[in-house]
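Chain A is fixed; fit chain B onto it per the hints.
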Amino acid sequence: MTGKYLIMNKEMKINSKPYREEVLKWKPEPTAGGELARIREQAFHRFQELGFPTRQHEAWKYIYLDSILNTVYTPASASGIETDQGSLPSSVRISSLESGFEKLPHVYQNWLKNRIAVEENVFSLINEFQNKEGLLVFYSKNMILERSLQFSLTVPEPSGSEPFIFYPRICFVLEEGVKAEVILNHSSFTQHPYFMNAMVDIYLAEGAELRLSSIQHGIADTSAFMKIAATLQKKSRFEMISFTQGGLTSRQETQVDFRGSEASCHLKNLSVLRGVSRFYQHATANHYAGECQSNQLFKTILAGEAQSEVNSLVHVVRDAQKSESRQLNRNLILSDKARIYSRPQLKIYADDVKCSHGAATGQLDDSELFYLRSRGISKEQARLMMTLAFAEEVIQLIEPKTLRDEIEKIVKKELEGIVKH
Amino acid sequence: MLVIKDLHANVAGKEILKGVNLEIHAGEVHAIMGPNGSGKSTLAKVLAGHPLVEITKGSISYEGKDLTAFAPEERALQGIFMAFQYPVEIPGVNNAGFLRMAYNAKRKKHGLSELDPIEFDNVLQAKIKMVEIPEQFLDRAVNHGFSGGEKKRNEILQMAVLEPKLAVLDETDSGLDIDALRSVAEGVNRLKRSDNAMILVTHYQRLLDYIIPDFVHILLGGRIVKSGDKSLALEVEKKGYDWLQ
Numbered sequence: 001m002t003g004k005y006l007i008m009n010k011e012m013k014i015n016s017k018p019y020r021e022e023v024l025k026w027k028p029e030p031t032a033g034g035e036l037a038r039i040r041e042q043a044f045h046r047f048q049e050l051g052f053p054t055r056q057h058e059a060w061k062y063i064y065l066d067s068i069l070n071t072v073y074t075p076a077s078a079s080g081i082e083t084d085q086g087s088l089p090s091s092v093r094i095s096s097l098e099s100g101f102e103k104l105p106h107v108y109q110n111w112l113k114n115r116i117a118v119e120e121n122v123f124s125l126i127n128e129f130q131n132k133e134g135l136l137v138f139y140s141k142n143m144i145l146e147r148s149l150q151f152s153l154t155v156p157e158p159s160g161s162e163p164f165i166f167y168p169r170i171c172f173v174l175e176e177g178v179k180a181e182v183i184l185n186h187s188s189f190t191q192h193p194y195f196m197n198a199m200v201d202i203y204l205a206e207g208a209e210l211r212l213s214s215i216q217h218g219i220a221d222t223s224a225f226m227k228i229a230a231t232l233q234k235k236s237r238f239e240m241i242s243f244t245q246g247g248l249t250s251r252q253e254t255q256v257d258f259r260g261s262e263a264s265c266h267l268k269n270l271s272v273l274r275g276v277s278r279f280y281q282h283a284t285a286n287h288y289a290g291e292c293q294s295n296q297l298f299k300t301i302l303a304g305e306a307q308s309e310v311n312s313l314v315h316v317v318r319d320a321q322k323s324e325s326r327q328l329n330r331n332l333i334l335s336d337k338a339r340i341y342s343r344p345q346l347k348i349y350a351d352d353v354k355c356s357h358g359a360a361t362g363q364l365d366d367s368e369l370f371y372l373r374s375r376g377i378s379k380e381q382a383r384l385m386m387t388l389a390f391a392e393e394v395i396q397l398i399e400p401k402t403l404r405d406e407i408e409k410i411v412k413k414e415l416e417g418i419v420k421h
Numbered sequence: 001m002l003v004i005k006d007l008h009a010n011v012a013g014k015e016i017l018k019g020v021n022l023e024i025h026a027g028e029v030h031a032i033m034g035p036n037g038s039g040k041s042t043l044a045k046v047l048a049g050h051p052l053v054e055i056t057k058g059s060i061s062y063e064g065k066d067l068t069a070f071a072p073e074e075r076a077l078q079g080i081f082m083a084f085q086y087p088v089e090i091p092g093v094n095n096a097g098f099l100r101m102a103y104n105a106k107r108k109k110h111g112l113s114e115l116d117p118i119e120f121d122n123v124l125q126a127k128i129k130m131v132e133i134p135e136q137f138l139d140r141a142v143n144h145g146f147s148g149g150e151k152k153r154n155e156i157l158q159m160a161v162l163e164p165k166l167a168v169l170d171e172t173d174s175g176l177d178i179d180a181l182r183s184v185a186e187g188v189n190r191l192k193r194s195d196n197a198m199i200l201v202t203h204y205q206r207l208l209d210y211i212i213p214d215f216v217h218i219l220l221g222g223r224i225v226k227s228g229d230k231s232l233a234l235e236v237e238k239k240g241y242d243w244l245q
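Top line first, the protein sequences correspond to chains A and B. So for the first sequence, the working numbering puts the first residue at 1; every next one is plus one. So for the second sequence, the working numbering puts the first residue at 1; every next one is plus one.
These are calculated hints, taken from the structure and not from any lab test. Please note that a few of the clues may not be correct.
No more than 25 Å apart at the CA atoms, straight line, and that leaves these computed lysine to any residue pairs for SDA-like [said to hold, decoys possible]: (1) A:Lys420 - B:Arg107; (2) A:Lys379 - B:Gly27; (3) B:Lys57 - B:Asp121; (4) A:Lys379 - B:Lys129; (5) A:Lys420 - A:Leu248; (6) B:Lys106 - A:Thr31; (7) A:Lys234 - A:Leu69; (8) A:Lys409 - B:Asp121; (9) B:Lys151 - A:Ala37; (10) A:Lys113 - A:Ala37; (11) A:Lys379 - B:Ala96; (12) B:Lys106 - B:Gln85; (13) B:Lys106 - A:Glu416; (14) A:Lys113 - A:Gly51; (15) B:Lys108 - B:Gln85; (16) A:Lys379 - B:Glu54; (17) A:Lys420 - B:Pro51; (18) A:Lys420 - B:Gly92; (19) A:Lys412 - A:Gln109; (20) B:Lys151 - B:Ile133; (21) A:Lys379 - B:Phe70; (22) A:Lys409 - A:Thr190; (23) B:Lys106 - A:Thr284; (24) B:Lys108 - A:Gln381; (25) B:Lys165 - A:Ala37; (26) B:Lys106 - B:Ala12; (27) A:Lys337 - A:Gly362; (28) A:Lys337 - A:His217; (29) B:Lys65 - B:Ala96; (30) B:Lys129 - B:Glu89; (31) B:Lys151 - A:Leu384; (32) A:Lys379 - B:Glu74; (33) A:Lys420 - B:His50.
For each label pair, taking beta carbons as the anchor points, the in silico distance ranges come out as [what the hints assert, rightly or not]: (34) A:Thr402 - B:Ser113: 29 to 37 Å; (35) A:Arg93 - B:Asn122: 48 to 56 Å; (36) B:Asp179 - A:Ile144: 47 to 55 Å.
Glycine included, C-beta positions come from ideal geometry on N, C-alpha and C.
Isolated chain B (complex conformation):
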């Protein structure tokens, strides 16, 4: 599904990714761990097409196509979704309206008719049950005045609505207390299928107690220095990152 080869990328003129190689297939869950500043978030952003990340070398192939040629909205329509580490507040834009707009953009892409607010509400009701989100979320402006935990849940709601093929969760666990973490993780687990894949970018092993990865990669200094199964995450938890350098 996704093949990243020798990827180098700059943020504000500084090289952050220094040759990343990664291959992901449908049905897999990959965890990317690493200390602060190792390039985890940059890797997530580069997949979503963030305008401040500049690719200088290497390639990203998604379903056989050159992903870097696509604008952010086109990537989303092709099935890529990034859950933001810091979801953006958009005052004045209604959450339900925004979700419908995104949902309809995808339907349009697939040649389906757009849903009106009433039809879409049926879709939405099922999704909010699935990810256990209070209905009041829908009437508020997108992330505006949401607590940290509410913002993260709202990301998962968007993911549930858009049903991506490849979801990149950028530190979705950060800032969550243990109950919120469990509930977010359960939401994510319900969205796991054999035909989609997930990349979990995380700082701590604790998220991986709830969402079990098939592969764990350690990103250090802009490169993946070690890959393994879930036991690697436990090892890192115990020993830190220093031994990998």
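So here's chain A without its partners, still in its complex pose:
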């Protein structure tokens, strides 16, 4: 058995090329037809046009891509999404993207086609033609689902030690007036190296509201990319709270397109990074319609030799009057070797807007530290209290409470490990 297994592995290796070459070999399935197949081809062509980014690209300036592009990955057999929802009301349908897409009303099909036609993120394009069993989650008009739907981004560990790759793909469509909560959980606890390249699309029709919690933790020798693209129609509301911890090279990109007036988005992230973790965070709010509000609060705690980038852009087009935005990035650096690139940016072409941005990076405040110590609290305990207090601002916003408590526990444990050094 063992011998046979080894031979199989060897053959696979011979057939595989480094990622940068392997993805170019993509061919459409001969039997594939329909709109989704056309979208995949469109994505592949756009990827060929754009090519892999280099450090000349602003959005890829700090990330070290060679470690991914030069790796030979074995494709995982599964889609990478697990969901156990129990019974759902008939107005919430989870289907494969493959089968569900063709049945979607044209308005949603066109939305996805148009978005991908101008996609700039090459890895999202790759996901588009590489993903195998994407999910479509469709909420019919005025559906109010009290409980959160949870999706785990993970695959069974393959045998052997080769790094593997998987492409989770989820598309959420919320029709008019829907209110929903979703948890995306990427926690694998495997030592096996892998690359996750995930793509999440969200469409919020008029008055729809989505609260998305995205959790990434317990991952070690991993590269994890995720793009979340949300299209917001009139009076819709998108709230996203993400927590990131760990990963060798992680990149999270959030793109919010306001397509109708009086919509709002609230993006919050807490990252706790240590060791040699690298986390690159990009957020773009495109105010294509007026009277919309976008808020961002990104907080990072860095220890060890961790590095992070917070690159957030608010873009207001010429006619998007009465746009409002707030960008705030606060970073706490606990070691001399940790590093953060904080780059809040504004591109404003309208004249009647209220946009503010701020960034602050620092260490623990000495006077606060002395104050706590002067009351008999040890230096270590005081550092922990202050660091935890920094994180709480985001943690306290996490819903539901079970998730909040879980994250709080993870953060506490992680920070205890950090302040001891």
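For chain B alone, coordinates are given in the frame of chain A:
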């Protein structure tokens, strides 16, 4: 309890204390008065172990031990408490949680078990009555958004909870209106016992109308130039500090 001998200390490379001598016994209340820049706050800070104050000469002995060898938290655990002139705001850290943490650190030091939030609340309820502090103080972040008077009261609450042997009140009267001053002083008086001592660092005599000192010391140019009883404070109030120079 406390013996300071020929203490010299620098702040940011500048000599502020230039040979302070002071002896304090249990049961005593000492007032330290002096104009701005005379070194009053530096003397308070040096006792609490503030990292920006550097001792260059002299000694501080507390209960027979060299105090300067102890880290700030160790001094607190040994019974020293400084009420800050400018209490620090710590956003995100809950006041009751902070008080419990400090209280438990002391219990642990004495080999006692730590109290959970419910057990500690019983302790706290008695203390807030004693120092007449509204209960809402406890649910807020430490000093965050507190008014000047509220911050000073919060210091006294901490003092009540920690029951120090030696309390150093650094200009606790500054920034208080007369009602707040009276209420803070009453709180302090209730904490006075025969087995503890207090050092009141103050600018004005008015605090001493409410907390009667056993000794008054005048600090000028980094040295104690005159010591006496409470009548010295009244004399200074009338004549200023110039005649002492």
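So, going through the hints one by one against the coordinates:
1. The hinted pair formed by lysine 420 (chain A) and arginine 107 (chain B) meets the criterion: a straight-line CA distance of about 22 Å does not exceed 25 Å.
2. With a C-alpha separation of about 31 Å, the suggested pairing of lysine 379 (chain A) with glycine 27 (chain B) is violated against the 25 Å cut-off.
3. Between lysine 57 (chain B) and aspartate 121 (chain B), the direct Cα distance comes to roughly 44 Å. Violation of the 25 Å bound is thereby established for this hinted pair.
4. Of the pairs offered as hints, the one joining lysine 379 (chain A) and lysine 129 (chain B) is violated, with about 31 Å between alpha carbons and a cut-off of 25 Å exceeded.
5. Among the hinted pairs, lysine 420 (chain A) with leucine 248 (chain A) is consistent with the structure: their alpha-carbon atoms are about 22 Å apart, no more than 25 Å.
6. Restraint check for lysine 106 (chain B) and threonine 31 (chain A): the C-alpha separation of about 75 Å exceeds 25 Å, so the hint is violated.
7. For the proposed pair lysine 234 (chain A) and leucine 69 (chain A), the alpha carbon gap of about 40 Å is over 25 Å, so the pair is violated.
8. At roughly 24 Å between alpha-carbon atoms, lysine 409 (chain A) and aspartate 121 (chain B) fall within 25 Å of each other, so this suggested pair holds.
9. Restraint check: the Cα-Cα separation between lysine 151 (chain B) and alanine 37 (chain A) comes to about 66 Å, which exceeds 25 Å; the hinted pair is violated.
10. Between lysine 113 (chain A) and alanine 37 (chain A), the direct Cα distance comes to roughly 11 Å. Compliance with the 25 Å bound is thereby established for this hinted pair.
11. A distance of roughly 19 Å separates the Cα atoms of lysine 379 (chain A) and alanine 96 (chain B); the hinted pair therefore holds under the 25 Å criterion.
12. Proximity of lysine 106 (chain B) to glutamine 85 (chain B) is assessed by CA-CA distance (about 23 Å); at most 25 Å being required, the pair is judged to hold.
13. In summary, the hint linking lysine 106 (chain B) to glutamate 416 (chain A) is supported, as the alpha carbons are separated by about 21 Å, within the 25 Å threshold.
14. For the proposed pair lysine 113 (chain A) and glycine 51 (chain A), the alpha carbon gap of about 20 Å is at most 25 Å, so the pair holds.
15. Under the criterion of a C-alpha separation no larger than 25 Å, the hint pairing lysine 108 (chain B) with glutamine 85 (chain B) is inconsistent with the structure, at around 28 Å.
16. For the given pair, lysine 379 (chain A) sits about 19 Å from glutamate 54 (chain B) by alpha-carbon distance, which is consistent with the 25 Å threshold.
17. Between lysine 420 (chain A) and proline 51 (chain B) the alpha-carbon distance is near 21 Å, which keeps this suggested pair within the 25 Å criterion.
18. Straight-line distance between C-alpha atoms of lysine 420 (chain A) and glycine 92 (chain B) comes to about 21 Å, which keeps the hinted pair within the 25 Å bound.
19. Distance check on the hinted pair: lysine 412 (chain A) and glutamine 109 (chain A) sit about 44 Å apart at the alpha-carbon level, beyond 25 Å; violated.
20. A C-alpha spacing of about 11 Å is found between lysine 151 (chain B) and isoleucine 133 (chain B), which places the hinted pair at or below 25 Å, so the restraint holds.
21. Proximity of lysine 379 (chain A) to phenylalanine 70 (chain B) is assessed by CA-CA distance (about 13 Å); at most 25 Å being required, the pair is judged to hold.
22. In summary, the hint linking lysine 409 (chain A) to threonine 190 (chain A) is supported, as the alpha carbons are separated by about 20 Å, within the 25 Å threshold.
23. Annotation: proposed proximity of lysine 106 (chain B) to threonine 284 (chain A) is violated, straight-line Cα distance about 50 Å (limit 25 Å).
24. Under the criterion of a C-alpha separation no larger than 25 Å, the hint pairing lysine 108 (chain B) with glutamine 381 (chain A) is consistent with the structure, at around 14 Å.
25. Annotation: proposed proximity of lysine 165 (chain B) to alanine 37 (chain A) is violated, straight-line Cα distance about 79 Å (limit 25 Å).
26. For the hint pairing lysine 106 (chain B) with alanine 12 (chain B), the CA-to-CA distance comes to about 32 Å; that exceeds 25 Å, so the pair is violated.
27. Taking the CA atoms of lysine 337 (chain A) and glycine 362 (chain A), the gap is near 13 Å; set against the 25 Å cutoff, the hint holds.
28. Under the criterion of a C-alpha separation no larger than 25 Å, the hint pairing lysine 337 (chain A) with histidine 217 (chain A) is consistent with the structure, at around 22 Å.
29. Distance restraint check for lysine 65 (chain B) and alanine 96 (chain B): the Cα-Cα separation of roughly 32 Å exceeds the 25 Å cut-off, and the hinted pair is therefore not satisfied.
30. Between the alpha carbons of lysine 129 (chain B) and glutamate 89 (chain B) the distance comes to roughly 23 Å, so the proposed pair stays at or under 25 Å and holds.
31. Distance check on the hinted pair: lysine 151 (chain B) and leucine 384 (chain A) sit about 23 Å apart at the alpha-carbon level, within 25 Å; holds.
32. Distance hint between lysine 379 (chain A) and glutamate 74 (chain B) is fulfilled; the C-alpha atoms sit about 10 Å from each other, no more than 25 Å.
33. Proposed proximity of lysine 420 (chain A) and histidine 50 (chain B) is supported: the alpha carbons are some 22 Å apart, at most 25 Å.
34. For threonine 402 (chain A) and serine 113 (chain B), the Cβ-Cβ distance of about 30 Å falls inside the hinted range of 29 to 37 Å, so the restraint holds.
35. At roughly 55 Å, the beta carbons of arginine 93 (chain A) and asparagine 122 (chain B) sit within the given window of 48 to 56 Å.
36. Between aspartate 179 (chain B) and isoleucine 144 (chain A), the C-beta spacing of about 53 Å keeps the proposed range 47 to 55 Å intact.
When each numbered hint is compared with the structure, violations occur for hints 2, 3, 4, 6, 7, 9, 15, 19, 23, 25, 26, 29.
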